[in-house]
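Model the full structure from these sequences, guided by the hints.
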Amino acid sequence: MSKKFDVNDKGYYGKFGGAYIPEMLYPNVEELRKRYLEIIEEPEFQKEFRDLLRDYVGRPTPLYFAKRLSEEYNTKIYLKREDLNHTGAHKVNNTIGQILVAKRLGKSKIIAETGAGQHGVATATVCALMGMECIVYMGEIDMKRQKPNVERMKILGAKVVPATCGSKTLKDATNEAMRHWINNPTDTHYIIGSVVGPHPYPDMVARFQSVISEEIRKQLKEKEGKETPDHVIACVGGGSNAAGAFYHFLEDKNVNLIAAEAAGKGVETGESAATTALGHEGVLHGSKTILMQSNDGQITEPYSISAGLDYPGIGPMHAHLFDSGRGEFISVTDDEAMSAGVKLAKLEGIIPAVESSHALAVFDKRKFKEDEIVVLNLSGRGDKDLETYIRWGGY
Numbered sequence: 052m053s054k055k056f057d058v059n060d061k062g063y064y065g066k067f068g069g070a071y072i073p074e075m076l077y078p079n080v081e082e083l084r085k086r087y088l089e090i091i092e093e094p095e096f097q098k099e100f101r102d103l104l105r106d107y108v109g110r111p112t113p114l115y116f117a118k119r120l121s122e123e124y125n126t127k128i129y130l131k132r133e134d135l136n137h138t139g140a141h142k143v144n145n146t147i148g149q150i151l152v153a154k155r156l157g158k159s160k161i162i163a164e165t166g167a168g169q170h171g172v173a174t175a176t177v178c179a180l181m182g183m184e185c186i187v188y189m190g191e192i193d194m195k196r197q198k199p200n201v202e203r204m205k206i207l208g209a210k211v212v213p214a215t216c217g218s219k220t221l222k223d224a225t226n227e228a229m230r231h232w233i234n235n236p237t238d239t240h241y242i243i244g245s246v247v248g249p250h251p252y253p254d255m256v257a258r259f260q261s262v263i264s265e266e267i268r269k270q271l272k273e274k275e276g277k278e279t280p281d282h283v284i285a286c287v288g289g290g291s292n293a294a295g296a297f298y299h300f301l302e303d304k305n306v307n308l309i310a311a312e313a314a315g316k317g318v319e320t321g322e323s324a325a326t327t328a329l330g331h332e333g334v335l336h337g338s339k340t341i342l343m344q345s346n347d348g349q350i351t352e353p354y355s356i357s358a359g360l361d362y363p364g365i366g367p368m369h370a371h372l373f374d375s376g377r378g379e380f381i382s383v384t385d386d387e388a389m390s391a392g393v394k395l396a397k398l399e400g401i402i403p404a405v406e407s408s409h410a411l412a413v414f415d416k417r418k419f420k421e422d423e424i425v426v427l428n429l430s431g432r433g434d435k436d437l438e439t440y441i442r443w444g445g446y
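Numbering (our numbering), first residue to last: 52 to 446.
Keep in mind that the hints are not guaranteed to be accurate.
What the hints assert, rightly or not - What follows is a list of derived Cβ distance ranges for each label pair:
no.: 1; residue 1: F116; residue 2: S159; range: 42 to 52 Å
no.: 2; residue 1: H331; residue 2: G208; range: 40 to 50 Å
no.: 3; residue 1: E82; residue 2: D386; range: 42 to 52 Å
no.: 4; residue 1: H137; residue 2: E278; range: 20 to 30 Å
no.: 5; residue 1: G348; residue 2: M75; range: 18 to 28 Å
For the record, the hints were derived by calculation from the structure and aren't laboratory data.
Just so it is clear, CB atoms sit at the ideal spot from N, CA and C, and this is done for glycine as well.
So this is what it looks like as structure tokens:
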């Protein structure tokens with residue numbers, strides 16, 4: 052089967068991707084590019100990775116038929132319960148994989164960036180597990196709105212460093228982590244949390260997260276007698292959970308891939324993170340992709356009620372899916388997402404992360420047929436977002 056939507060050997064998805072990096076970062080990225088496939092395809096690596104996913108993370112996560120939600124929208128809805136992973140989100144799939152790679156590269160220190168804090172917690176967790184030093188960069192604003200996750204990272208032994216420049220959110224945390232890596236090239240591995248950054252990060256992260264769609268195929272076969280749903284829905288900031296949910300369906304043209312991006316207070320309000328609606332081609336954090344920028348190429352500050360989607364670009368894989376028409380991208384406002392999150396809580400007894408609520412809002416914006424099977428990747432749980440829900444709903 053041809054891999055039309057897979058990465059090529061130079062790190063490109065169509066015209067997006069690559070490795071646009073400063074010279075000082077070249078040795079680190081090149082070492083990783085040359086060795087990542089060799090390392091992660093080793094049988095010993097795969098055994099350790101799979102054993103930890105099963106025994107430490109708690110995989111496979113359930114594929115849950117949401118009966119009352121299905122009745123509400125008159126279609127057949129399954130939820131992939133990544134919120135039930137250890138640490139509360141899909142992020143740990145990737146951090147387990149990357150820290151095993153870092154050990155085989157002989158690195159002793161780990162740095163990371165985080166928006167909602169889920170990737171930071173997942174990184175701090177695996178560093179504690181492996182006994183490695185951990186520094187997490189986080190936007191100063193995100194540290195305030197995701198305070199429980201900041202405290203969790205500190206309890207796990209990580210040092211959390213605020214990013215105080217720019218919008219003080221995920222973009223700026225990523226900038227700070229990149230600077231740290233440039234200044235500490237020999238002993239440090241940078242665990243990027245999404246399918247962004249220079250090649251090979253987008254491909255490596257997507258491969259670690261692809262366990263999600265691998266499980267969906269097997270579980271759907273058991274429940275429905277076939278491996279492919281009609282639609283897969285996931286939220287997209289950088290896009291790691293969507294990449295994992297889409298990965299094993301990319302070449303199945305009968306599966307519609309739907310990405311929900313954060314429109315904030317509205318696409319045209321100037322307070323939005325709807326990248327495909329507002330962005331165009333450019334280079335961000337080491338790869339060519341679609342990003343929000345001014346006419347002279349300056350990054351436009353994004354806005355979203357969800358810290359994890361508050362990013363001015365999308366990963367190059369998603370840029371290719373959008374550009375080629377393979378993926379359907381839908382913009383969801385703060386209010387639409389919060390309303391959908393509360394609806395899931397009341398119908399199914401599940402409080403989702405605000406990021407996942409953006410994916411749930413697709414059901415209010417797009418009609419599905421009664422006999423269609425829709426799988427939604429519930430990327431994280433809403434414990435960290437209780438204050439946001441309380442402020443929005445007046446509970």
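Against the structure, the hints come out as follows:
For F116 and S159, the hinted distance range of 42 to 52 Å is satisfied, since their beta carbons lie about 45 Å from each other. Roughly 42 Å separates the CB atoms of H331 and G208, a value that falls within the hinted 40 to 50 Å. Look at E82 against D386: about 46 Å separates their beta carbons, and that is inside 42 to 52 Å. Between H137 and E278 the Cβ separation comes to about 27 Å, which falls inside the hinted range of 20 to 30 Å.
Taken as a hint, the range 18 to 28 Å holds for the pair G348 and M75, whose Cβ atoms sit roughly 22 Å apart.
Violated hints: none; the structure is consistent with every hint.
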